[in-house]
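**Student:** The listed protein sequences derive, respectively, from chains R and U.
Just so you know, this note's numbering puts 163 at position 163 of the first sequence, and the rest follows in order with no gaps.
To convert, take the position in the second sequence, counting from 1, and add 1000; that gives this note's numbering.
Calculated directly from the structure, the hints in this document are not laboratory data.
Please note: incorrect hints may appear among the correct ones.
Stated by the list, open to error - If you want the footprint, here are the derived chain U segments under chain R, 3+ residues with CB under 8 Å:
1) 1173-1186
2) 1191-1197
3) 1208-1215
4) 1224-1230
5) 1260-1266
What the hints assert, rightly or not - No farther apart than 16 Å at their CA atoms in a straight line, the calculated lysine to aspartate or glutamate pairs in the EDC-like style are these:
6) K212/R <-> E1049/U
7) K1283/U <-> E205/R
8) K1278/U <-> D224/R
Since the model is a prediction, treat every value here as computed from it, not as a measurement.
The C-beta atom is built at its ideal place from N, Cα and C for all residues, glycine as well.
There are 2 protein chains.
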Amino acid sequence: MTTPRRLAILGVGLLGGSLGLAWKSSVSSGTVVGYGHRRSTLDQALRIEAIDEAYETPEQAVQQADIIVLCTPVGIFEDLLRRIAPALPAGAVVTDVGSTKRSVVRLSGQILPPSARFVGSHPMAGSERRGVEFARPDLFHNALCITTPTESTDPQALQTVEQFWRTIGMRITRLSPEAHDQLLADVSHLPHVVAAAVVAMQKDEGLPLSGKGFIDATRIAGGDGGLWRDILLDNRDNLRSALQRLRENLDQFDRLLEPAHAEELRQWLDAAAQRREKLLQQKLRELSD
Amino acid sequence: MTTPRRLAILGVGLLGGSLGLAWKSSVSSGTVVGYGHRRSTLDQALRIEAIDEAYETPEQAVQQADIIVLCTPVGIFEDLLRRIAPALPAGAVVTDVGSTKRSVVRLSGQILPPSARFVGSHPMAGSERRGVEFARPDLFHNALCITTPTESTDPQALQTVEQFWRTIGMRITRLSPEAHDQLLADVSHLPHVVAAAVVAMQKDEGLPLSGKGFIDATRIAGGDGGLWRDILLDNRDNLRSALQRLRENLDQFDRLLEPAHAEELRQWLDAAAQRREKLLQQKLRELSD
Chain R
1 MTTPRRLAIL GVGLLGGSLG LAWKSSVSSG TVVGYGHRRS TLDQALRIEA IDEAYETPEQ
61 AVQQADIIVL CTPVGIFEDL LRRIAPALPA GAVVTDVGST KRSVVRLSGQ ILPPSARFVG
121 SHPMAGSERR GVEFARPDLF HNALCITTPT ESTDPQALQT VEQFWRTIGM RITRLSPEAH
181 DQLLADVSHL PHVVAAAVVA MQKDEGLPLS GKGFIDATRI AGGDGGLWRD ILLDNRDNLR
241 SALQRLRENL DQFDRLLEPA HAEELRQWLD AAAQRREKLL QQKLRELSD
Chain U
1001 MTTPRRLAIL GVGLLGGSLG LAWKSSVSSG TVVGYGHRRS TLDQALRIEA IDEAYETPEQ
1061 AVQQADIIVL CTPVGIFEDL LRRIAPALPA GAVVTDVGST KRSVVRLSGQ ILPPSARFVG
1121 SHPMAGSERR GVEFARPDLF HNALCITTPT ESTDPQALQT VEQFWRTIGM RITRLSPEAH
1181 DQLLADVSHL PHVVAAAVVA MQKDEGLPLS GKGFIDATRI AGGDGGLWRD ILLDNRDNLR
1241 SALQRLRENL DQFDRLLEPA HAEELRQWLD AAAQRREKLL QQKLRELSD
């Protein structure tokens, strides 16, 4: 397996821009090309040296590329795959950074030519900020990347893609596209929706009384509505089942909210606190590894 | 109005200990006395100089005090008020740091002698940490303190209490005990319950995939179960109505979660993001004032 010499980044926003910066700071040679639908974004990406060459069509950007990374919102993947399909170099490896995986894996199988090799990826890095102006080379460092191979994934392409993410400092976990989407509905998509609902249900006169806890708890609701709309719609079956489980947990809490159940209520609260603390310690260990 | 010369802190945990440190760093003379039911906590409070004198009964601690601050969990307030009632110096001002206000205002009216003057306070500072070992003199600095006077509150005592909080750097807002409990159910108690439920509903295999967003969103669920149990039970009528409004907001989201409503869904998500951003900017302005 050789290091890709020509990397094409389709979509140079926060993730695409950071990917260019991270790759260029990790390898000593090679070329990074970028596609963006806004000229100003491409110019900014060139200026901060996230990319070496800029193209205004994805068809041009993928020419001669060894590895191609889809970095647009997931709602645009289908259109993007249709546009690059006829232009892909034979043997090119294609991956993505999307927060849902079933749809892009299915679409790539339907749309890309047999000579192209697709591997689904979800590098779990980001920010509620959007745009190449927030790009930074360490965005992916020490974070987890989930790859989602299937029975039809080319083993060598999988190796290439996993090595690619490792080169910029990521840890790898493999999951099926189905398991990925189910678990991410619980740990990422549901918390986003809940944070937005907690903001939405507030009265104007209550908000000035909120403290640091409220600001932290709702930070994830600060993301771009269009980006998240695509993710939530794409994963709506799993998200609905996560919402149903959340409702059941809230109903259970409601039943415990009586002086007669004070001890069980304390246990329910302590169990959540302890579970989170254990997770936090595990995350801190990972970061110090 | 004169600065209190003898401050009695009943309960020297995170809040009580921080209050002693804050007061002593803000005034040049006077004495801070502390009551705690554990000798080791009192010794630690003496060691870090959060208090000058330590007492193992609240009756002893309130002797000759000008201002007395209840800093135990709210579930202990009734017992504490019954114990100090016969021992209070005439004219003493009593306040508290409880996260609910209707019950302590009602109980103080029922239990304290007419010569004692009670004013409800909720200094909105704290941490998911517990214990005097986390006490720090700047815990209250620049934070908001809600006072909850009623028709029977002594105006001079109200002034004394508000000046007390201002001396340690707090901003003051007045609310009725009823309005306080209703608004705090929305901005504080509900977010705590929701964060705990989001942790509780996770599958073990999903948690390792959680990111920084999940850790932040659930931080408030890390608090002590016993403390929070008291608060949530005490405010359960308002909390239930907040939970009901959250359920309605989640149901509304659920109806929008269809490709046919993609535009409304984006607007719902963007509205929450923008509302939170506006709040964040306002909080940042307050801190820089």
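**Student:** Does each hint fit the structure? Answer for all of them.
**Tutor:** Quick rundown of the hints versus the structure:
1. 1173-1186: With 4 residues closer than 8 Å to chain R, the stretch 1173-1186 of chain U meets the three-residue bar; holds.
2. 1191-1197: Since three or more residues must qualify, the claim that chain R covers the stretch 1191-1197 of chain U holds, with 7 doing so at under 8 Å.
3. 1208-1215: holds (count 7)
4. 1224-1230: Holds: 5 residues of the stretch 1224-1230 of chain U have a Cβ under 8 Å from chain R.
5. 1260-1266: holds (count 3)
6. K212/R <-> E1049/U: The given pair, whose Cα atoms are some 27 Å apart, is violated under the 16 Å limit.
7. K1283/U <-> E205/R: With a Cα-Cα distance of about 14 Å, the restraint between K1283/U and E205/R holds, given a limit of 16 Å.
8. K1278/U <-> D224/R: Holds, at roughly 15 Å.
Comparing the model with each numbered hint stated earlier shows that hint 6 is the single one that does not hold.
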